[in-house]
Amino acid sequence: MLRIALLMLFRDRAKYVMLIVGLTFCSLLMTQQSSVFCGLMLWTSATVRNIGAKVWVFDAKVEQVNEVIPLREIEVTRVRGIPGVEWAVPLYVGIEQARLSDGSFQNIQLVGLDTATFVGRPMEITKGRIEDLRMPDAVIIDQVGVDKFRKKGITIDIGTTFEINDKTARVVALCHANRSFLGQPYIYTTYDRALQFAKPQRKMMSCVLVEPKPGVSSKELAESISAIPGLRAFERDDLFWSTVWWYIKNTGIPISFGTVVLMGVIVGIAIAGQTFYLFILDNLRYLAALKAMGARMPILAAMVFLQSFSVGFVGFGLGVGLTSIFGYKVLKIEQPPFFMPWQVPAFVAVIIILICCFSAAIGLRQIAKLEPAVVFK
Amino acid sequence: MSSYEASQVGSGSIAVAVRNVTKIFQNGDTPTYALRDVSFEARCGELTMIVGPSGCGKTTLLSVICGTLAIDSGSIEVFGKNLGAMSSSEVTGFRSKNVGFIFQQFNLIPTLTVVENVSIPLILQGWNYRKAEEKSAAILKDVGLGERIRSFPKQLSGGQQQRVAISRALVHDPKLIICDEPTASLDAKTGHHALELLKRSACAPDRCVIVVTHDSRIFSFADWIAEMEDGRVVKSCSASEYHHA
Chain A
1 MLRIALLMLF
11 RDRAKYVMLI
21 VGLTFCSLLM
31 TQQSSVFCGL
41 MLWTSATVRN
51 IGAKVWVFDA
61 KVEQVNEVIP
71 LREIEVTRVR
81 GIPGVEWAVP
91 LYVGIEQARL
101 SDGSFQNIQL
111 VGLDTATFVG
121 RPMEITKGRI
131 EDLRMPDAVI
141 IDQVGVDKFR
151 KKGITIDIGT
161 TFEINDKTAR
171 VVALCHANRS
181 FLGQPYIYTT
191 YDRALQFAKP
201 QRKMMSCVLV
211 EPKPGVSSKE
221 LAESISAIPG
231 LRAFERDDLF
241 WSTVWWYIKN
251 TGIPISFGTV
261 VLMGVIVGIA
271 IAGQTFYLFI
281 LDNLRYLAAL
291 KAMGARMPIL
301 AAMVFLQSFS
311 VGFVGFGLGV
321 GLTSIFGYKV
331 LKIEQPPFFM
341 PWQVPAFVAV
351 IIILICCFSA
361 AIGLRQIAKL
371 EPAVVFK
Chain B
1 MSSYEASQVG
11 SGSIAVAVRN
21 VTKIFQNGDT
31 PTYALRDVSF
41 EARCGELTMI
51 VGPSGCGKTT
61 LLSVICGTLA
71 IDSGSIEVFG
81 KNLGAMSSSE
91 VTGFRSKNVG
101 FIFQQFNLIP
111 TLTVVENVSI
121 PLILQGWNYR
131 KAEEKSAAIL
141 KDVGLGERIR
151 SFPKQLSGGQ
161 QQRVAISRAL
171 VHDPKLIICD
181 EPTASLDAKT
191 GHHALELLKR
201 SACAPDRCVI
211 VVTHDSRIFS
221 FADWIAEMED
231 GRVVKSCSAS
241 EYHHA
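Residue numbers (my numbering), protein chains in the order written: chain A, 1 to 377; chain B, 1 to 245.
Mixed in with the good hints, there may be bad ones.
[To be verified] The calculated PhoX-like cross-link candidates involving lysine-lysine, where the alpha carbons are at most 25 Å apart (straight line), are:
| no. | chain 1 | residue 1 | chain 2 | residue 2 |
| --- | --- | --- | --- | --- |
| 1 | A | 369 | B | 97 |
| 2 | B | 141 | B | 154 |
| 3 | A | 219 | A | 199 |
| 4 | B | 97 | A | 15 |
| 5 | A | 152 | A | 332 |
| 6 | B | 154 | B | 135 |
For the record, the hints were derived by calculation from the structure and aren't laboratory data.
Extracted from the complex, chain A is given alone in its bound form (with noise of 0.2 Å):
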């Protein structure tokens, strides 16, 4: 019987069409929006993802990556006195303004790197060489800089110069690096020109990148750091997730992105599930013809069921479907953000599965309320 069933649901185009496109358009508005929530909060940890540092020691008031207190550049001493250390390393991060050749500004976000080590350098150099940083005024710009500089009708290559807070920076290599939540271009220098090109504080070390030594783990290392009083360390990942909380609990973003996929949990149990009761209502005299004939309910049920799901199934691909075809575009471009891990088609399904039940569920109810007798009326 559920051939028949499926059957019965294929041919009804007008209904079916109806269900596909609702489930469609629920499945695509869920799953494209969690995915560019999850971009978002991604861009929001870019700074960890781009230095990708085992240990971040900061002030012990700081909660997220984002958000930084200086330190004194003592604090790395301290640091590296903590049994477990292998090395320790300063770190600036802040958000700068550049001035074009054109007069225009650009704010950026200046990354100092251990002028020895380069820890925390760039995943990516797409044109020119690390090396060259060690040299007068060098900085590496990242793809992000680029495209923005271009728009203002700049073109930055190996050697372009322009000023941050009035003092020449100097190209001497190009980079990938993940894009930052505001959106600014990262600016890669030493840890010594960064606070040249940086305005002047009284403490001027944003943190302090560690690792841990063999067979030291990093939660270990970091708890051991943050009973240093004044200091707080965080283990990669969790500051990954404290700073992505941090953007959750202080900000209108969940609850802006959580209304739209409300509204397509909304519109999917209102198009589909009335468009399915509909048909169910459509299809009442044959049903009770069925069971007249001895369809039990559990075979009515599963019919049911095996209607709701499978338009379900196809709405939920569809709509899974078109969102990846958005991402892969606007992965392209880097813009809006978007990341798609499997945790979200999950939550989609489970959503789709809810919806299908709900439907199947008033369906059967006046399937189950129906008298097989009243086919003789």
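Using the hints provided, position chain B relative to the given structure of chain A.
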């Protein structure tokens, strides 16, 4: 023999025995007697008609005979099986195996082809889909619809749809055929042809056909006629006696 299988019977033996059956529909606080102490028998090898004016209880009697409606008192035996002693699930199983239905509105599923519609009783019994279609196609050929098996019901005339309904009722070789106003949706000529077909293909020594109708033009096809009035069987006799009376 499974609990769903009817006893083996021959021509002339009692197929359906309805004894002192009462069925009450509750309309708010007011009870409405649809059947009042009805007793009735139908035999194998015969076409029995239940006739009477609208609202006299014909369809209710038909519904209780095939077990789609529970009774309030009395007993119903179909091919030796007491429906009242069976669970709802057993009655459904019994119906699936032993009863063929021809509905007034045909109730052919519009999104299924003719052959798919006819296959349903076989599929409900667990037949393989392809074999069910083969058997259905054969029976459709017998009723002159061999060329239309892939058509949809709405592409057929009323008479052709009735022939499909008859095929669906017969495809699983049921012992009892239940027809509810089989000519109500047909013109006189088509109705006559439908009854001819029904009589020719459905009536068999081991099978009982019960037709509910108020169409006096088809009374001549009956072997036995039970006349109902106000929830009671007021006359039950052979067709010839009925016509003479």
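task = Against the earlier hints, flag every one the structure doesn't satisfy and list their numbers going up.
result = 3 and 4
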